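A.B. asks: Starting from the given sequences, assemble the full structure and let the hints guide the process.
So for the sequence shown, this note's numbering puts the first residue at 598; every next one is plus one.
Hints listed in this document are in silico derivations from the structure and should not be mistaken for laboratory results. What you are looking at is a predicted structure, and each value in this text was computed from that prediction instead of being measured. Check the hints yourself; a few may be wrong.
As the list claims (entries may be wrong) - Here are the simulated EDC-like cross-link-like pairs (lysine to aspartate or glutamate), alpha carbons at most 16 Å apart as the crow flies:
| # | residue 1 | residue 2 |
| --- | --- | --- |
| 1 | Lys-814 | Asp-790 |
| 2 | Lys-687 | Asp-645 |
| 3 | Lys-735 | Asp-678 |
| 4 | Lys-795 | Glu-880 |
| 5 | Lys-742 | Asp-778 |
| 6 | Lys-735 | Asp-721 |
| 7 | Lys-742 | Asp-790 |
| 8 | Lys-793 | Asp-778 |
| 9 | Lys-656 | Asp-645 |
| 10 | Lys-611 | Glu-686 |
| 11 | Lys-891 | Asp-857 |
| 12 | Lys-813 | Glu-904 |
| 13 | Lys-829 | Glu-608 |
| 14 | Lys-687 | Glu-608 |
| 15 | Lys-622 | Glu-608 |
| 16 | Lys-628 | Glu-608 |
| 17 | Lys-793 | Glu-812 |
| 18 | Lys-687 | Asp-614 |
| 19 | Lys-889 | Glu-812 |
| 20 | Lys-779 | Asp-862 |
| 21 | Lys-685 | Asp-645 |
| 22 | Lys-899 | Glu-812 |
| 23 | Lys-795 | Asp-878 |
| 24 | Lys-735 | Glu-755 |
| 25 | Lys-829 | Asp-869 |
| 26 | Lys-627 | Glu-608 |
| 27 | Lys-627 | Asp-617 |
| 28 | Lys-848 | Glu-880 |
| 29 | Lys-611 | Asp-678 |
| 30 | Lys-884 | Asp-869 |
| 31 | Lys-848 | Asp-790 |
| 32 | Lys-813 | Glu-895 |
| 33 | Lys-868 | Asp-886 |
| 34 | Lys-891 | Asp-869 |
| 35 | Lys-889 | Asp-857 |
| 36 | Lys-655 | Asp-639 |
What the hints assert, rightly or not - Simulated DEER-style distance windows between Cβ atoms:
| # | residue 1 | residue 2 | range |
| --- | --- | --- | --- |
| 37 | Gln-716 | Asp-816 | 24 to 30 Å |
| 38 | His-705 | Phe-774 | 17 to 23 Å |
| 39 | Thr-712 | Arg-603 | 44 to 50 Å |
| 40 | Gly-879 | Glu-910 | 49 to 55 Å |
Using N, Cα and C, we set each Cβ at its ideal position, and we do this for glycine too.
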Amino acid sequence: MGGRVRTDQVERAKRVDLLDYLEAKGETFKKEGHYYRNTEHDSLIIRDQMYAWNSRGKKGAGVINFAQMYYGMSFPEAVRDITNSNYKEKERPPSEKKSAEPYRYPVHYEESDTTRMHQYLTQDRNIHPKVVDWLERKDYLAQDKRGNVVYKWKQQGEVIGAERQGTQPTARNGDWFKGIDKNSQGNAGFTFDIGKPKTLYVFESSVDALSYWSEKKGDIQNARILSMSGLKRHTVSAEMNRMNKDGYPPKQVIIAVDNDASGRDFAHGLKDVLQNYINQDGERVGKIDLPKEKDWNEQLQKNVAIEQQRLKEAQPSQVKDTELERS
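C.D. replies: Okay, here's the thing in structure tokens:
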């Protein structure tokens with residue numbers, strides 16, 4: 598049985614405890630330390646939401662993936678089978694639980710002089726100045742008292758978290774500081790709208806999101822830009838749900854992550870999941886747009902360098918043409 602499944606069904610299925618689901622379907626297990634071993638197939642073991650069927654070379658995580666592997670179900674069939682009964686839900690890990698304390702943005706830690714932020718983004722990273730100016734004017738960007746760029750995570754005008762990026766190497770080891778504020782909302786990220794969003798663009802980092810916009814310029818319209826601060830499928834799902842609640846159901850999702858092994862794996866995995874979602878026009882969503890370089894900032898920097906070299910080489914001929922016109 599095919600057909601579409603809703604985002605909320607998928608999220609509910611993901612939360613189901615794998616062992617409870619299998620035992621309810623008649624599978625029996627024997628506890629061995631931190632593992633549970635299947636009594637019929639002794640090479641099949643379960644730990645938390647992870648599984649390994651060693652004799653078959655099958656490993657993975659999550660109840661949906663297991664149902665597809667073990668019972669031969671399609672993705673929609675697995676989601677429906679899992680959500681058709683009231684199975685116990687797996688307790689979320691501490692990183693995904695709601696913070697004990699609500700996030701409070703430290704506005705007193707902002708610096709009114711944002712020179713270092715502008716220099717870092719426009720000169721070191723080659724982000725278009727108009728992109729930086731627009732985001733600062735809309736209060737999505739700031740500079741803190743340590744000179745870090747602050748990417749504010751905002752929903753309904755409220756700051757619910759923030760990511761901070763160092764603008765120069767640290768004195769201790771030469772690394773560049775990067776961190777997320779304590780108690781930032783776990784399933785959110787740096788996001789902003791360009792017009793009335795119809796398309797969701799997904800990135801690994803905030804600077805890549807800004808680089809992509811600088812690179813594509815006017816091609817991006819009526820879009821929501823999302824940085825996951827990593828590769829976080831649940832953040833994409835949460836943002837799609839929020840777009841629906843905001844009255845802007847996504848007509849398309851563009852996956853624009855890094856062009857490396859983990860980025861490509863994530864992109865194709867997310868695209869496979871998104872193929873089960875149908876937009877309001879009856880179309881499947883999920884397109885991959887990877888840079889030719891490792892990430893979108895490297896792509897932008899390379900293209901800016903090429904353009905600067907082209908202009909530099911064109912200058913002598915322009916001077917000669919001007920001299921001819923004057924003679």
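A.B. asks: Now tell me, hint by hint, if it's right for this structure.
C.D. replies: Right, here's what the structure says about each hint:
no.: 1; hint: Lys-814 - Asp-790; result: holds (14 Å)
no.: 2; hint: Lys-687 - Asp-645; result: holds (8 Å)
no.: 3; hint: Lys-735 - Asp-678; result: violated (45 Å)
no.: 4; hint: Lys-795 - Glu-880; result: holds (13 Å)
no.: 5; hint: Lys-742 - Asp-778; result: holds (15 Å)
no.: 6; hint: Lys-735 - Asp-721; result: violated (22 Å)
no.: 7; hint: Lys-742 - Asp-790; result: violated (27 Å)
no.: 8; hint: Lys-793 - Asp-778; result: violated (29 Å)
no.: 9; hint: Lys-656 - Asp-645; result: holds (13 Å)
no.: 10; hint: Lys-611 - Glu-686; result: holds (9 Å)
no.: 11; hint: Lys-891 - Asp-857; result: holds (6 Å)
no.: 12; hint: Lys-813 - Glu-904; result: holds (15 Å)
no.: 13; hint: Lys-829 - Glu-608; result: holds (14 Å)
no.: 14; hint: Lys-687 - Glu-608; result: holds (12 Å)
no.: 15; hint: Lys-622 - Glu-608; result: violated (21 Å)
no.: 16; hint: Lys-628 - Glu-608; result: violated (28 Å)
no.: 17; hint: Lys-793 - Glu-812; result: violated (21 Å)
no.: 18; hint: Lys-687 - Asp-614; result: holds (4 Å)
no.: 19; hint: Lys-889 - Glu-812; result: holds (13 Å)
no.: 20; hint: Lys-779 - Asp-862; result: violated (29 Å)
no.: 21; hint: Lys-685 - Asp-645; result: holds (13 Å)
no.: 22; hint: Lys-899 - Glu-812; result: holds (11 Å)
no.: 23; hint: Lys-795 - Asp-878; result: holds (12 Å)
no.: 24; hint: Lys-735 - Glu-755; result: holds (12 Å)
no.: 25; hint: Lys-829 - Asp-869; result: holds (15 Å)
no.: 26; hint: Lys-627 - Glu-608; result: violated (29 Å)
no.: 27; hint: Lys-627 - Asp-617; result: holds (13 Å)
no.: 28; hint: Lys-848 - Glu-880; result: holds (8 Å)
no.: 29; hint: Lys-611 - Asp-678; result: holds (12 Å)
no.: 30; hint: Lys-884 - Asp-869; result: holds (10 Å)
no.: 31; hint: Lys-848 - Asp-790; result: holds (15 Å)
no.: 32; hint: Lys-813 - Glu-895; result: holds (14 Å)
no.: 33; hint: Lys-868 - Asp-886; result: holds (11 Å)
no.: 34; hint: Lys-891 - Asp-869; result: violated (22 Å)
no.: 35; hint: Lys-889 - Asp-857; result: holds (10 Å)
no.: 36; hint: Lys-655 - Asp-639; result: holds (14 Å)
no.: 37; hint: Gln-716 - Asp-816: 24 to 30 Å; result: holds (27 Å)
no.: 38; hint: His-705 - Phe-774: 17 to 23 Å; result: holds (20 Å)
no.: 39; hint: Thr-712 - Arg-603: 44 to 50 Å; result: holds (48 Å)
no.: 40; hint: Gly-879 - Glu-910: 49 to 55 Å; result: holds (50 Å)
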